[in-house]
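All chains, full assembly: derive it from the sequences and hints.
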Amino acid sequence: MKTFNYLRATDVDVALQRIAVEPGARFLGGGTNLVDLMREGIEAPETLIDITRLPLDGIEELPDGGLRIGALVRNSDLAAHPVVRGRYPFLSQAILLGATGQIRNMATVGGNLLQRTRCLYFYDEASACNKREPGAGCAAREGFNRGNAVLGTSDACVATHPSDMAVALAAIDAVVEVRSSRGTRHIPLTEFHLLPGTTPHLESQLESDELITAVELPPLPVAAHSYYRKVRDRASYAFALVSVAAALDFGADGRIADVRLALGGVATKPWRARTAEQLLLGAAASEDSFATAAAAELAAAVPLPGNAFKIDLACRTVVAVLRRLTTERSGS
Amino acid sequence: MTTHAKTPVDPAPSVPVGGAVGRPVDRRDGHAKVTGAARFSAEHHYPDLTYATMVHATIARGTITAIDTAAAVAVPGVVAVLTHLNAPRIRPVRKGNIVRDLGPSVSGTEVNYLNTDQVFWDGQPIAVVVAQTSVAANEAAPLVTVTYREQQARVDFAAEQHNATPAKGDLTFAGTKKKGDAEAALATAQVSVDLRYTTPGLQHNTIEPHATIAVWSGDHLTVHDTTQSTDASHKYLAWRFGVPAAQVRVRAEFVGGAFGGKFAVWPGTVIAAMAAKAVGRPVRLALSRKAVSRAAGGRTASTNRIALGATRDGRLTALIQDSITHVGSVGGLLEATSSPARHLYGAKNMLTRQNLVEMDLLPNTWLRAPGEAIGSFVLESAMDELAYELAMDPIDLRMRNEPATDPTSGKKFSQRMLREAFEAGAERFGWADRNPSPRSMRDGEWLVGMGAATAYHPVLRLVADVKVRLSNDGTALVQCGFHEMGMAAATVQAQIAADALGIAYEKVRVEYGDSDLPPGPMAGNSNQTATVATSVLAACAELTRKVTALARKTGTTGQEPAATLRAAHTPFLEASVGSTSRLGSLRSQGRFLATFLKDQRWSKAARGAQFCEVRVNADTGELRISRWLGMFDVGHIINPKTAASQLRGSIVMGIGMAMSEQTLVDPRNGRTMSAGLDSYYLPVHADIPPIDVAWLNEPDKSMPLGIIGLGEVGMTGVAAAIANAVYHATGRRIRDLPISLDKTL
Ligand SMILES: Cc1cc2nc3c(=O)[nH]c(=O)nc-3n(C[C@H](O)[C@H](O)[C@H](O)COP(=O)(O)OP(=O)(O)OC[C@H]3O[C@@H](n4cnc5c(N)ncnc54)[C@H](O)[C@@H]3O)c2cc1C
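Going line by line, the protein sequences match chains P and W.
Under full-length UniProt numbering, residues 1 to 332 are what the first sequence spells out, in order.
Under full-length UniProt numbering, residues 1 to 745 are what the second sequence spells out, in order.
FYI, nobody ran anything at the bench for these hints, they're computed from the structure.
Ideal Cβ positions, reconstructed from N, Cα and C, are used throughout, including at glycine.
Be aware that one or more of the hints could be misleading.
Here are the in silico distance ranges between beta carbons for each label pair [to be verified]:
{"#": "1", "chain 1": "W", "residue 1": "S217", "chain 2": "P", "residue 2": "V21", "range": "51 to 61 Å"}
{"#": "2", "chain 1": "W", "residue 1": "Q152", "chain 2": "P", "residue 2": "A299", "range": "38 to 48 Å"}
{"#": "3", "chain 1": "W", "residue 1": "D678", "chain 2": "P", "residue 2": "A136", "range": "13 to 23 Å"}
{"#": "4", "chain 1": "W", "residue 1": "A432", "chain 2": "P", "residue 2": "P303", "range": "39 to 49 Å"}
{"#": "5", "chain 1": "W", "residue 1": "A563", "chain 2": "P", "residue 2": "S236", "range": "56 to 66 Å"}
{"#": "6", "chain 1": "W", "residue 1": "T116", "chain 2": "P", "residue 2": "A136", "range": "24 to 34 Å"}
{"#": "7", "chain 1": "W", "residue 1": "D678", "chain 2": "P", "residue 2": "V21", "range": "27 to 37 Å"}
{"#": "8", "chain 1": "P", "residue 1": "P303", "chain 2": "W", "residue 2": "E389", "range": "31 to 41 Å"}
{"#": "9", "chain 1": "P", "residue 1": "A299", "chain 2": "W", "residue 2": "R315", "range": "52 to 62 Å"}
{"#": "10", "chain 1": "W", "residue 1": "V73", "chain 2": "P", "residue 2": "H201", "range": "30 to 40 Å"}
{"#": "11", "chain 1": "W", "residue 1": "T145", "chain 2": "P", "residue 2": "A299", "range": "38 to 48 Å"}
{"#": "12", "chain 1": "P", "residue 1": "H201", "chain 2": "W", "residue 2": "T116", "range": "36 to 46 Å"}
{"#": "13", "chain 1": "W", "residue 1": "D678", "chain 2": "P", "residue 2": "P303", "range": "17 to 27 Å"}
{"#": "14", "chain 1": "P", "residue 1": "A283", "chain 2": "W", "residue 2": "T311", "range": "57 to 67 Å"}
Covered stretches of chain P (chain W as the covering partner; in silico rule of three or more C-beta atoms under 8 Å from a C-beta of chain W) [unchecked claim]:
{"#": "15", "stretch": "120-133"}
{"#": "16", "stretch": "233-241"}
{"#": "17", "stretch": "301-315"}
Non-contacting residues of chain P with respect to chain W, defined by C-beta distances greater than 12 Å in every case (computed) [what the hints assert, rightly or not]:
{"#": "18", "residue": "V14"}
{"#": "19", "residue": "L16"}
{"#": "20", "residue": "E61"}
{"#": "21", "residue": "D77"}
{"#": "22", "residue": "I187"}
{"#": "23", "residue": "P188"}
{"#": "24", "residue": "E277"}
Structure representation (structure tokens):
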């Protein structure tokens, strides 16, 4: 790891002023991703501005029934929050299925959104990676790509966005609040992360001098009937091969009155499955309609030899989750 | 001054005199380990200690044409950067003779580290940075830039297999074994299967990564090393550095798991000693997990054809196994994958062949149950497939082919209770509840299946020198340079010595893990317990004779040994097996040959019956193991508690092999892409079900105290039992490990 300067910010404005004048600086949240990347030589910031003492660690209920989550709330605390568990259970489940207890105790909401891909070639300095070194090429395409994406990929990059939490947030239509010395912006989570295109090194809309200050959840009654399912290569402590965040509600006619669906593990960003949602809305809750919707969402998938199975797996997992939510609803 | 590993002596005896063997005594090293008092190799402190980090090649084969160390040298705190241009010279690996000194087999590779511009695998250490702190060494190492002239490299196992040639084998394992005409018998068999199974390479991931501290004092070298062969390793280092063996001391009091990966001497050990020589200060070289997977070998991948022919009533008429495994161009060993096929079933006609292909990869090495872990997956999966072809219960098929004598050698079994193990196991597991049709059992969204397989691991005994001292304060000291890698080796030898001397277990102290002690065996091939016990029993018997004679003289017959010594005004008595003199070491070679030949009269092995229940998710293909039973035929158990841990731990490793472990070598360039725990998937707690282990506890009468080594047998048959259960659950045969969910979808 390269030697770096460390300073601790206790005031948001001071942190913002500092980063504005020092482009080589990076914010340090829980450090569970950034420090690893520094150890591997993939990131080498001149300065780390520790933001964990900033007063951005509260969770507040909003008058409209939504929730405002400070950017420095630890993943464990967010997952355990009674309002999250009651109104957005799949968000709590998504977090708890990620990493380990120790890591979740350190990890922050802001850092989780900005965690970087787990592509094997991104992590290996001796391999070509356009994300690490624009123009270097992509070793993953013809290499080991079991963990890589089938949706939202480009010739330059097939790296999966690894976050579980962000998949549930995409389904919720969460909004990311960011601040810089230039002011405050609100960015819908589904637009926060960028598709790789020809610039895979650019991963989000966040500018280098911007700080994530909060994530806001809108009130969302359907989210009370939600479920997060994560499928992976071992029972715990692994990133998703496929994950599904779904919320489902029915009208008096028994048809689907509201639905939210997002996918993880298969895409270059947290993947809101809008095509599937549109097909499901108003449809009867049946294996057939679930399968049709899932297949439509995955129709755009571009498989690689090592990850082609994910298309079928994603469809099957979507069907299984929607079936489960349907059964739960009719049971209650 | 010499200090050796000491095991704490509990003042309050809780084990009755004469009743230590067979008791579930706690591990002696347990307290030190959980409190952090145990010092592992990287944890010894020396004033002036420096820290080293290796630089690894990033091509598979070629020549270093330039190496620029300026940026690394400029990092504050860096003491030296050594490359082939400036490192101390070392002697090439000596080709040896396995009987005389284990010879080259103790060398992980034949490379003259930092003495050559040649690169033989991606990951080969080609430079080392030595610094005042590990932080500086780690910062500087990636700054070394290397230019290569690359050569065509053979790195794709699938593509290289056609170049495989028949393996020669050695004293203990022949490359080819033939009986009758197996191909002809297969062609005319009433029922047959002819199948292909593959297994991927596997990496060592012990909890303690490889580490060395090397300290020169003049031309005396002390090395704290993560090794399971202090004796072989100190001789090896003496040779390479050109000093007498008596001037090299290798210490390894605590080893955090080894499993074969710390038997051979790997580059880190040699380079630490070179670096210490170059900088004139002690050097610590503790490998990162990535460095371990680049610079210390693992298990070879394999491709296996297996064919079985049988009569309609299930008698094997033909058994063929043809395996291809790989070695590196600079070392590696023949993985004896056909070992189970040669000894388990009484087929009339047999043909087992081992083929090797040389590749430009890190040489492979031993990894728990080398040969049998793969071989038992292949054979025991195929037996299950044949059972379904015959519409027979897979256990019945095995029992129908129980041989009266060893099917390959024709020798008598010293002990064989596989039938009893399967009977007792089936009863305890509830095998009779199994509906044999595939896909017939279900629990909600989970398809349920049960599988069984035979476990098998041969017995090997080496020699140990031992010294036992009995003092007039009632204590005894056992000294032997054996190895404690966490399996309770010292605890078990203390139990054996206590009963042999007729004193309390708590009065026995054991020193081990140091090449200055009477040389012990390497700890591998499940040999150590029986090997050391043989010598401990001999030394204790001699001591007992001496005490008895003294008792007669002093009129203290019938009293405790210490009373006799006190009556005779003798502070202590000693007895030894072996000695380090030249004559002594010749004698110990003689002893090895005598034991080896004696053991060769029999076919000896540890065996067992593995049973498991699995669940496969009908939607996603996820595999969960819900129940396990291993019922073993492993001789007389000295310590039920530690034996159970060994067996259970082996089963866990087998589960990893079956479900998720896999070395990813990029077929384009030979680079290991699974060089960390983030990409090499070990099983986690949530993957492991409750594991029930049990044993028959029948002594093998040809072995000291009836002991059969059990450190590896538990790993065998595990992958097959799981694959067979997955077939039962889903109707799908998975013939390529690991059984990942995409294969069961
Ligand atoms: C072994 C392991 C297993 C894991 N498994 C999973 C898993 O299964 N699922 C999953 O979803 N995740 C997993 N993770 C990832 C984990 O969730 C992330 O590492 C964590 O959420 C990152 O949060 P952090 O606060 O530690 O971020 P940091 O490491 O501190 O920061 C990450 C990035 O975010 C930036 N940053 C942090 N906070 C802010 C802010 N407020 N404003 C602007 N920039 C900011 C930093 O500058 C840095 O670039 C795993 C991690 C590890 C180490």
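Hints versus structure:
1. Remark: the range hint 51 to 61 Å for S217 of chain W to V21 of chain P is upheld by a beta-carbon distance near 54 Å.
2. For Q152 of chain W paired with A299 of chain P, a C-beta distance near 42 Å keeps the hint of 38 to 48 Å intact.
3. For the pair D678 of chain W and A136 of chain P, the beta carbons lie near 22 Å from each other, so the given range of 13 to 23 Å is met.
4. Range check, A432 of chain W to P303 of chain P: about 45 Å between beta-carbon atoms, so the 39 to 49 Å window is met.
5. Roughly 59 Å separates the CB atoms of A563 of chain W and S236 of chain P, a value that falls within the hinted 56 to 66 Å.
6. Restraint check, T116 of chain W to A136 of chain P: a C-beta distance of roughly 30 Å satisfies the suggested window 24 to 34 Å.
7. Look at D678 of chain W against V21 of chain P: about 35 Å separates their beta carbons, and that is inside 27 to 37 Å.
8. For P303 of chain P and E389 of chain W, the Cβ-Cβ distance of about 35 Å falls inside the hinted range of 31 to 41 Å, so the restraint holds.
9. Between A299 of chain P and R315 of chain W, the C-beta spacing of about 55 Å keeps the proposed range 52 to 62 Å intact.
10. Checked against the hint of 30 to 40 Å, the C-beta distance between V73 of chain W and H201 of chain P comes to roughly 31 Å, which is consistent with it.
11. As the Cβ distance of T145 of chain W to A299 of chain P is approximately 47 Å, the hint placing it in 38 to 48 Å holds.
12. Between H201 of chain P and T116 of chain W the Cβ separation comes to about 38 Å, which falls inside the hinted range of 36 to 46 Å.
13. Distance hint check: the CB atoms of D678 of chain W and P303 of chain P are about 24 Å apart, consistent with the given range 17 to 27 Å.
14. Checked against the hint of 57 to 67 Å, the C-beta distance between A283 of chain P and T311 of chain W comes to roughly 58 Å, which is consistent with it.
15. Counting residues of the stretch 120-133 of chain P whose beta carbon lies closer than 8 Å to any beta carbon of chain W gives 7, which reaches the threshold of three, so the coverage claim holds.
16. With 7 residues having a beta carbon nearer than 8 Å to a beta carbon of chain W, the stretch 233-241 of chain P meets the requirement of three or more and the stated coverage holds.
17. Remark: the stretch 301-315 of chain P is confirmed as covered by chain W, as 3 of its residues place a Cβ nearer than 8 Å to a Cβ of that chain, reaching the required three.
18. Here V14 of chain P stays apart from chain W, with its beta-carbon at least about 29 Å from theirs, past the 12 Å limit.
19. With 12 Å as the threshold on Cβ separation, the claim that L16 of chain P sits away from chain W holds: the shortest Cβ distance comes to roughly 30 Å.
20. Against chain W, the non-interface label of E61 of chain P holds: every CB pair exceeds 12 Å, the least being about 34 Å.
21. D77 of chain P, annotated as away from the interface, keeps every beta carbon of chain W farther than 12 Å; the closest lies near 23 Å.
22. No beta-carbon of chain W is positioned within 12 Å of the beta-carbon of I187 of chain P; the least distance is around 30 Å.
23. No beta-carbon of chain W comes within 12 Å of the beta-carbon of P188 of chain P; the shortest separation is about 30 Å.
24. Under the 12 Å C-beta cut-off, the non-interface status given to E277 of chain P relative to chain W holds; the minimum distance is some 21 Å.
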